[in-house]
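All residue numbers for the sequence shown refer to the working numbering, where the first residue is 21 and numbers rise by one.
Hints were generated in silico from the structure; no laboratory data involved.
It is possible that part of the hints are untrue.
[Claimed, not checked] So the derived label-pair ranges between C-beta atoms look like this:
id, residue 1, residue 2, range
1, His121, Val52, 34 to 44 Å
2, Glu25, Gly68, 20 to 30 Å
3, Asp105, Tyr178, 18 to 28 Å
4, Asn182, Gly123, 14 to 24 Å
5, Lys104, Gly68, 16 to 26 Å
[Unchecked claim] Lysine-lysine pairs mimicking DSBU-like chemistry, simulated, CA-CA at most 35 Å apart:
id, residue 1, residue 2
6, Lys63, Lys96
7, Lys96, Lys133
8, Lys82, Lys96
9, Lys104, Lys82
10, Lys95, Lys82
11, Lys133, Lys82
12, Lys133, Lys95
13, Lys63, Lys95
14, Lys63, Lys104
Computed from a prediction, not measured in an experiment: that's the story for all the values here.
Using N, Cα and C, we set each Cβ at its ideal position, and we do this for glycine too.
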Amino acid sequence: MAHPEIREREGDAHPDTYCPNHPDTYTYVFDVLEEVIDVFQPKIVNIGHDEMYSIGVCPRCKGTPAPVLYANDIKKIRDFLFQKDIRTMMWGEKLLNSFAHDGERIGGSGHGKGLARVPALFPCRDLIPRDVIMLHWYYGFNHQYDRVYHDRGFTTLYGNLNAMNVKHW
Numbered sequence: 021m022a023h024p025e026i027r028e029r030e031g032d033a034h035p036d037t038y039c040p041n042h043p044d045t046y047t048y049v050f051d052v053l054e055e056v057i058d059v060f061q062p063k064i065v066n067i068g069h070d071e072m073y074s075i076g077v078c079p080r081c082k083g084t085p086a087p088v089l090y091a092n093d094i095k096k097i098r099d100f101l102f103q104k105d106i107r108t109m110m111w112g113e114k115l116l117n118s119f120a121h122d123g124e125r126i127g128g129s130g131h132g133k134g135l136a137r138v139p140a141l142f143p144c145r146d147l148i149p150r151d152v153i154m155l156h157w158y159y160g161f162n163h164q165y166d167r168v169y170h171d172r173g174f175t176t177l178y179g180n181l182n183a184m185n186v187k188h189w
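Working from the sequences, and respecting the hints, build out all of it.
What follows is the structure in structure tokens.
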């Protein structure tokens with residue numbers, strides 16, 4: 021919110037996503053990461069990327085497929101951290117073409133309409149470097165979602181784990 025010029029949606033009072041094609045975006049992102057690295061000296065940084073609901077809507081991004089924008093953003097951050105010998109971790113549900121028990125689209129499957137539309141991002145799973153660690157918490161919806169990560173060679177950790185919700189535990 022301190023830098024509304026890099027928001028993805030124009031006029032968004034509470035921007036949830038930065039524009040990955042704005043020339044100043046990574047100046048700010050890397051500045052924050054430098055501070056995190058300086059203070060915590062981590063071996064791994066979780067970059068989140070689960071609360072991303074807008075991408076490909078600003079004038080700089082329109083015309084580029086949302087999964088490509090998303091994957092390129094992850095790669096830029098991963099490359100920055102890699103140069104500092106730090107592993108990248110992220111929440112991985114946007115890599116899943118997933119559905120809740122009631123059939124509602126969730127995760128990376130895309131859903132909604134108009135400004136509330138979240139694009140399908142699951143095709144990005146084949147564009148992300150395999151050394152990014154995936155935090156997985158959709159095991160409660162379908163244990164087959166594990167295969168999406170494992171079949172592609174991602175190291176996968178369970179997040180928000182409640183073992184009693186995992187079928188065939």
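Going down the list of hints, with the structure as the test:
no.	hint	verdict
1	His121 x Val52: 34 to 44 Å	37 Å, holds
2	Glu25 x Gly68: 20 to 30 Å	21 Å, holds
3	Asp105 x Tyr178: 18 to 28 Å	25 Å, holds
4	Asn182 x Gly123: 14 to 24 Å	22 Å, holds
5	Lys104 x Gly68: 16 to 26 Å	18 Å, holds
6	Lys63 x Lys96	18 Å, holds
7	Lys96 x Lys133	29 Å, holds
8	Lys82 x Lys96	19 Å, holds
9	Lys104 x Lys82	32 Å, holds
10	Lys95 x Lys82	20 Å, holds
11	Lys133 x Lys82	17 Å, holds
12	Lys133 x Lys95	28 Å, holds
13	Lys63 x Lys95	18 Å, holds
14	Lys63 x Lys104	9 Å, holds
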